[in-house]
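Asker: Chain by chain, the residues run as shown.
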Amino acid sequence: MGESAQRVNIHPTAQVHPSAILGDGTSIWACANIMANVTTGKNCSIGFGSEIGRGTVIGDDVRIGFGVFIPSNTRIGNSVFIGPSVTMTDDKYPRVNNPKYEAQPPTIESGAAIGAGSVLLPGVTIGSHALVGAGSIVTRDVPSGSVVAGNPARIFTMEDL
Amino acid sequence: MGESAQRVNIHPTAQVHPSAILGDGTSIWACANIMANVTTGKNCSIGFGSEIGRGTVIGDDVRIGFGVFIPSNTRIGNSVFIGPSVTMTDDKYPRVNNPKYEAQPPTIESGAAIGAGSVLLPGVTIGSHALVGAGSIVTRDVPSGSVVAGNPARIFTMEDL
Amino acid sequence: MGESAQRVNIHPTAQVHPSAILGDGTSIWACANIMANVTTGKNCSIGFGSEIGRGTVIGDDVRIGFGVFIPSNTRIGNSVFIGPSVTMTDDKYPRVNNPKYEAQPPTIESGAAIGAGSVLLPGVTIGSHALVGAGSIVTRDVPSGSVVAGNPARIFTMEDL
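Chains A, B and C, in that order, are what the protein sequence lines are. This note's numbering puts the first residue of the first sequence at 4, with every later residue one more than the last. This note's numbering puts the first residue of the second sequence at 4, with every later residue one more than the last. This note's numbering puts the first residue of the third sequence at 4, with every later residue one more than the last.
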């Protein structure tokens with residue numbers, strides 16, 4: 004009583020699988036593709052043309068930009084920022100009909116921010132409140148609270164400033 | 004008299020906000036998204052699936068490729084070439100609900116060319132007739148007429164050739 | 004007899020030019036754009052929002068991910084893996100109205116794999132069974148069976164492991 008649920012906004016050109024569960028106040032922008040069994044928390048925003056793979060779990064207040072690709076079963080915490088054209092991967096041995104294929108999606112902990120155009124290699128964890136600079140190629144886990152950038156991404160320290 | 008206006012071509016799957024102003028001879032390709040108060044000059048081409056943010060001003064004869072992201076209020080001169088999958092940014096401190104947020108869109112001067120897959124950090128200026136090589140991560144202003152490449156992008160000189 | 008042709012699956016939001024020829028068992032996912040005179044072999048998959056340029060020839064069992072851009076007249080062999088957000092180019096001197104423009108699409112030989120977010124410069128050949136690591140900027144031909152990564156991409160050897 005006294006508080007009304009905020010509506011979920013889905014652009015008419017977006018595709019949301021009927022099994023997806025979207026939290027109150029969440030917006031799905033044009034041409035986005037939300038696959039089966041995705042769940043988001045409250046007040047998320049998923050940008051134009053992004054694809055969120057099956058079974059991905061997203062927390063509250065997550066902002067996903069334009070043209071982002073997130074593979075199946077990725078785990079994303081609360082208040083995560085994912086910039087435009089970020090690409091995440093889950094296949095360590097990318098070959099057609101690869102018998103060794105085993106999906107290894109990334110994990111993004113709460114408060115992390117991933118800059119535009121970055122690529123995450125399979126299975127990496129981006130620690131809480133870490134910052135991944137734009138254009139980073141992230142080949143290893145990123146410790147909580149650290150700042151990384153480059154190809155391959157490495158940790159920035161005071162000496163880099 | 005004797006000269007007729009060229010029509011604007013908008014693909015039926017593109018989305019163009021009613022407040023956008025598109026110059027004669029401009030083409031908007033499939034699934035592109037042209038937001039409020041965008042203006043383009045004459046004979047521009049905006050590629051498949053690209054998003055042009057609110058209030059962006061684009062000159063004449065500008066060619067924008069597939070899957071390009073341009074943030075709000077970007078300034079783009081005449082005869083600029085922007086390759087496929089180029090991503091521009093405007094947020095120097097990309098965090099959700101960041102109190103320090105202040106949009107800093109890039110500026111692209113006339114005659115510049117930005118190669119495929121490049122990322123521009125917030126607020127950079129690409130000088131007139133500069134060439135940004137494919138896959139560059141542009142962290143600083145690029146002087147007019149120079150050639151840059153790499154992550155982070157740096158100026159190429161005779162010694163690199 | 005005893006074997007029936009597998010159907011071609013085209014998502015209703017995909018755009019396939021009437022002149023394109025798609026092999027049995029091929030799937031075209033949402034919002035993909037298949038241009039004139041493209042041909043694919045059997046059992047291919049072309050991902051969400053990808054654009055395949057005019058006249059491109061693709062072999063059997065090729066898997067193309069989300070948001071891939073492939074220019075006109077590219078040649079792609081059999082069993083090639085192209086990860087999400089890979090961008091290929093064909094214009095060595097990317098300028099608007101460039102009088103020197105001559106299309107130089109890439110060639111991808113059979114069994115090659117190109118990791119997510121990679122960019123191929125004009126005219127490069129990716130040799131058979133080569134592996135291009137995620138986020139690579141490929142400026143030169145990649146020999147058959149080799150592994151490359153980085154910006155610019157270079158060949159990895161035992162010493163890098």
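Keep in mind that the hints were calculated from the coordinates and are not lab data. Treat the hints with care, as some may be off.
[Unchecked claim] Okay, derived cross-link-like pairs now, DSS-like style, lysine-lysine, Cα gap no bigger than 30 Å in a straight line:
1. LYS103(A) to LYS45(C)
2. LYS45(B) to LYS103(C)
3. LYS45(B) to LYS95(C)
4. LYS95(B) to LYS45(A)
5. LYS95(A) to LYS103(C)
6. LYS45(B) to LYS45(A)
Keep in mind it's a predicted model, so treat the numbers as computed, not measured.
Asker: A separate judgement is required for each hint: does it hold in the structure or not?
Answerer: The hints, checked one at a time:
Restraint check: the Cα-Cα separation between LYS103(A) and LYS45(C) comes to about 23 Å, which is no more than 30 Å; the hinted pair holds. The suggested pairing of LYS45(B) with LYS103(C) holds, with an alpha-carbon distance near 23 Å, which does not exceed 30 Å. Our distance criterion of 30 Å between C-alpha atoms is met by LYS45(B) and LYS95(C), whose separation comes to about 25 Å. A distance of roughly 25 Å separates the Cα atoms of LYS95(B) and LYS45(A); the hinted pair therefore holds under the 30 Å criterion.
With a CA separation close to 40 Å, the supplied pair LYS95(A) and LYS103(C) exceeds the 30 Å bound. Distance hint between LYS45(B) and LYS45(A) is unfulfilled; the C-alpha atoms sit about 43 Å from each other, more than 30 Å.
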